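Enquirer: Protein chains in written order, with numbering that gives the first Met the number 0: chain G, 0 to 331; chain U, 0 to 262.
Be aware that a few hints might be false.
[Claimed, not checked] Rough simulated footprint, nothing fancy, chain G against chain U, three-plus residues with beta-carbon under 8 Å: (1) 4-16; (2) 26-32; (3) 88-97; (4) 103-109.
In short, the hints are calculated from the structure, not lab data. Treat the numbers as computed from the prediction; the structure is a model and nothing was measured. Virtual Cβ for every residue (Gly too), placed ideally from N, Cα, C.
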Amino acid sequence: MNTPPADTAIEARGLVKRFGKTIALNGVDLSARKGTVLGLLGPNGAGKTTAVRCLATLIRADAGTASVLGYDVQRDAHQVRQLIGLTGQYASVDEMLSGFNNLVMIGRLLGIGRRTAKARASELLERFGLADAATRPAKTYSGGMRRRLDLAASMVGRPAVLFLDEPTTGLDPRSRNELWEMVRGLTADGATVLLTTQYLEEADRLCHDITVIDHGSVIAAGTPDELKARVGGQVLAVTAADPSRATDVKALIAERTGLAPATSPESGTVTVQVTDPGLVPTLVRELDEKGIVVEELTLRKPSLDEVFLSLTGSLPPEEPATRTQETAGSAL
Amino acid sequence: MTALAPSRHLSPLTGLANTFTLTWRSLLKLKTNPEDLPALVLTPIMYLVLFTYIFGGAISGNVHNYLQFELPGILVLAVIFSTLGTGQMLSQDIETGVFDRFRSLPIARWAPLFGAVLGDVTRYALSVAVTLAFGMLLGFRIQAQPLAAAAGCLLVLVFALAMCWFSALLGLIAGSARGVQWIGSLIYFPLTFGSNVLVPTAKLPGWLQAFVKGNPMTFLTEAERGLLVGGPVQTPVIRTLLWSLGLVVVFAPIAVEVYRRRT
Numbered sequence: 000m001n002t003p004p005a006d007t008a009i010e011a012r013g014l015v016k017r018f019g020k021t022i023a024l025n026g027v028d029l030s031a032r033k034g035t036v037l038g039l040l041g042p043n044g045a046g047k048t049t050a051v052r053c054l055a056t057l058i059r060a061d062a063g064t065a066s067v068l069g070y071d072v073q074r075d076a077h078q079v080r081q082l083i084g085l086t087g088q089y090a091s092v093d094e095m096l097s098g099f100n101n102l103v104m105i106g107r108l109l110g111i112g113r114r115t116a117k118a119r120a121s122e123l124l125e126r127f128g129l130a131d132a133a134t135r136p137a138k139t140y141s142g143g144m145r146r147r148l149d150l151a152a153s154m155v156g157r158p159a160v161l162f163l164d165e166p167t168t169g170l171d172p173r174s175r176n177e178l179w180e181m182v183r184g185l186t187a188d189g190a191t192v193l194l195t196t197q198y199l200e201e202a203d204r205l206c207h208d209i210t211v212i213d214h215g216s217v218i219a220a221g222t223p224d225e226l227k228a229r230v231g232g233q234v235l236a237v238t239a240a241d242p243s244r245a246t247d248v249k250a251l252i253a254e255r256t257g258l259a260p261a262t263s264p265e266s267g268t269v270t271v272q273v274t275d276p277g278l279v280p281t282l283v284r285e286l287d288e289k290g291i292v293v294e295e296l297t298l299r300k301p302s303l304d305e306v307f308l309s310l311t312g313s314l315p316p317e318e319p320a321t322r323t324q325e326t327a328g329s330a331l
Numbered sequence: 000m001t002a003l004a005p006s007r008h009l010s011p012l013t014g015l016a017n018t019f020t021l022t023w024r025s026l027l028k029l030k031t032n033p034e035d036l037p038a039l040v041l042t043p044i045m046y047l048v049l050f051t052y053i054f055g056g057a058i059s060g061n062v063h064n065y066l067q068f069e070l071p072g073i074l075v076l077a078v079i080f081s082t083l084g085t086g087q088m089l090s091q092d093i094e095t096g097v098f099d100r101f102r103s104l105p106i107a108r109w110a111p112l113f114g115a116v117l118g119d120v121t122r123y124a125l126s127v128a129v130t131l132a133f134g135m136l137l138g139f140r141i142q143a144q145p146l147a148a149a150a151g152c153l154l155v156l157v158f159a160l161a162m163c164w165f166s167a168l169l170g171l172i173a174g175s176a177r178g179v180q181w182i183g184s185l186i187y188f189p190l191t192f193g194s195n196v197l198v199p200t201a202k203l204p205g206w207l208q209a210f211v212k213g214n215p216m217t218f219l220t221e222a223e224r225g226l227l228v229g230g231p232v233q234t235p236v237i238r239t240l241l242w243s244l245g246l247v248v249v250f251a252p253i254a255v256e257v258y259r260r261r262t
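All chains, please: the whole structure from these sequences, using the hints.
Expert: Below, the structure written as C-alpha cells:
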C-alpha cells in the first residue's frame, strides 16, 4: 500500500461499493489535507452518502482502500473510530432521550468519566444554543435544533476528523450560517472536515477543495476557483418565442458549437458554454434564415449552477425539497 | 488535536462499560418515554382483570380457583410479550440512525445488542413484580416455599432473556418497529395462547393438545405453577432451561452475525 503524504487526513483510492446491481461507488478517489474542509459535491444519488459511510467505517467497500490519518478504515477500524466524528444525513440522536443525556451517553461510550461527560455535554449544549432545551426529549426539538444536537454529538470526543453528511439540508439560512461558522472554527483549530452537499454556494463558501461526484464516479476535483475556471468561457442562452421550435434551436446550436446544449424543460431555454463570442452573429443570422423568432438571446459568464450543470448534466435543486435516501434499497 | 495515539484493541472491560452505559440509556426511557412505563405496568393488570373475570367461572367454576391456576400463566404471557420490545427498540435505533452513530464510535460491536437486552431484562423483572403484586391484591396466594417462588420469578426471566434474542433478530431483519410488532404478534399469539397458559391442556381438543404438549410455553407455565402454587417442578423446569439454552444457542449467534453484517 502506498502511504499518503503526512499532511493528508483523509485518503481514498478506487473505492467501489455495490448494492445488489446498483453501483453506488465506481472507483472513487479523494483526498483531504489536514485542517481543511473537503466538499463532496454531487446531485442526489451520486454516491456521497455511501462514500462517507465507507470512510466512517460503517460499511465495507467492495474494492479500493481508504485511510483516516494513516489508519486503514477496514483493517484499523477501531483506531479510525477513535479519531472521527460523524453526523449522518439523518439526525442520529436518540429521540426519547433529552439532549443532555444524549451527549452524556456519547461521552460515556467514548470512555469519558461521568463528571467530565456531564460537563462536556453542558458545554456543547451551551455552544450550540440548546442550553434551554437541555432536559427536553430530543423528539420535541425542531429540525434545526435536532441537527445542532446531532452535530454536538459528533463533537463530544473532539474528533480530529469530522464527517458531515449534508449538514445543512433542511436548515434555515441563519442556522446554516451558524453551522458554516462552526465548521470554519473547527478547521482553524486543526480539525479536518469532509462534508457532503448538493449546494454549490455551500461548497464555494466553505470548502478549500471540492470533489464532484456523479453516478458513483469523480468527475472533477480541485479548489472552487479551479473548478469555475475549468468550465471557462461564457454561456449562451437562447429562448425561442415558439416553444415547439426549441428542438430546432438546440440542433442548430449543437451543429455550430459541436457541443451538446442543455434545454430547460420549463422555459425551453437552450444553454451552452461557448468560448468564441464571434459565434453569436452567425447564430442570429441562421436562426433568422430558419424563421425561428427568438424571444431571448444572451451571452454571460457562467454561474455556479452552470458549472455544476456542465459537470453533472443536471441542475442541483434550488431548495431542499424532499430528502431522498441515497443508499440503494434497504442497505443501511 | 488528538495528542494520544489511538489504542489498537478494545479491552473486554471497556466493552462491559459500554454495555452498562447502553443499559442505562435503555432504562432512562422508562422515565422519559411516556408510553413505556404505563404499558409495562398496565398490560399485566389488564390481562389479570380480563382473563380472571371472563374465563374464571367458565373454566374453574369460581374466580378464586381460576386465579390460582391462571396467574403463573399470566406471568409468562406478560413477560413473553414484553420481549417484543427488544426487537422494536433495535429496529427503531436502526431506522432513526442511532445505530449508525454507535457504529462510528470506538465501542464494542456487541455492546448495543447486550445493552438493549440487559435493559429489557430489568423491564421484565418489573413486569413480574407488577403481575404478582396485583394478583395478590385480587386474592392470589403463593402456596409454595418463598425460595421456590423466587426461583419461579428467576426462571421466567431466564426464559425471557432467551426469547429476547429471537426478538432482537426480528428487530434486525423486520425493517421497522411496526414490522416487529406484527410479525411478532403473528408468532407470539399462537405460541402463548396455544399452551396451557389460560386453559388446562386436558380441556383442549386432541389435535391442539399435541401442539400444546410440545410448546415451550407449556413447560414454562407448568414450572411456574409448580414453583408458585405447587405441583410437578423438576421435569418442567429442566425442559424450560433446555429450551432457554436452545433459543440462546440458536438465535444469539444469528442475531450477532446479522448485526455484524450490517456494518
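Enquirer: All hints, please: hold or fail.
Expert: Consistency of the hints with the structure:
Judged by the Cβ-Cβ criterion of 8 Å, the stretch 4-16 of chain U is covered by chain G as claimed, because 7 of its residues qualify and three suffice. Counting residues of the stretch 26-32 of chain U whose CB falls under 8 Å from any CB of chain G gives 4; the rule of at least 3 is met. Check on the stretch 88-97 of chain U: 5 of its residues sit with their Cβ under 8 Å from a Cβ of chain G, so the three-residue criterion for coverage holds. Counting residues of the stretch 103-109 of chain U whose CB lies closer than 8 Å to any CB of chain G gives 4, which reaches the minimum of 3, so the coverage claim holds.
Checked against the numbered hints given earlier, the structure satisfies every one of them.
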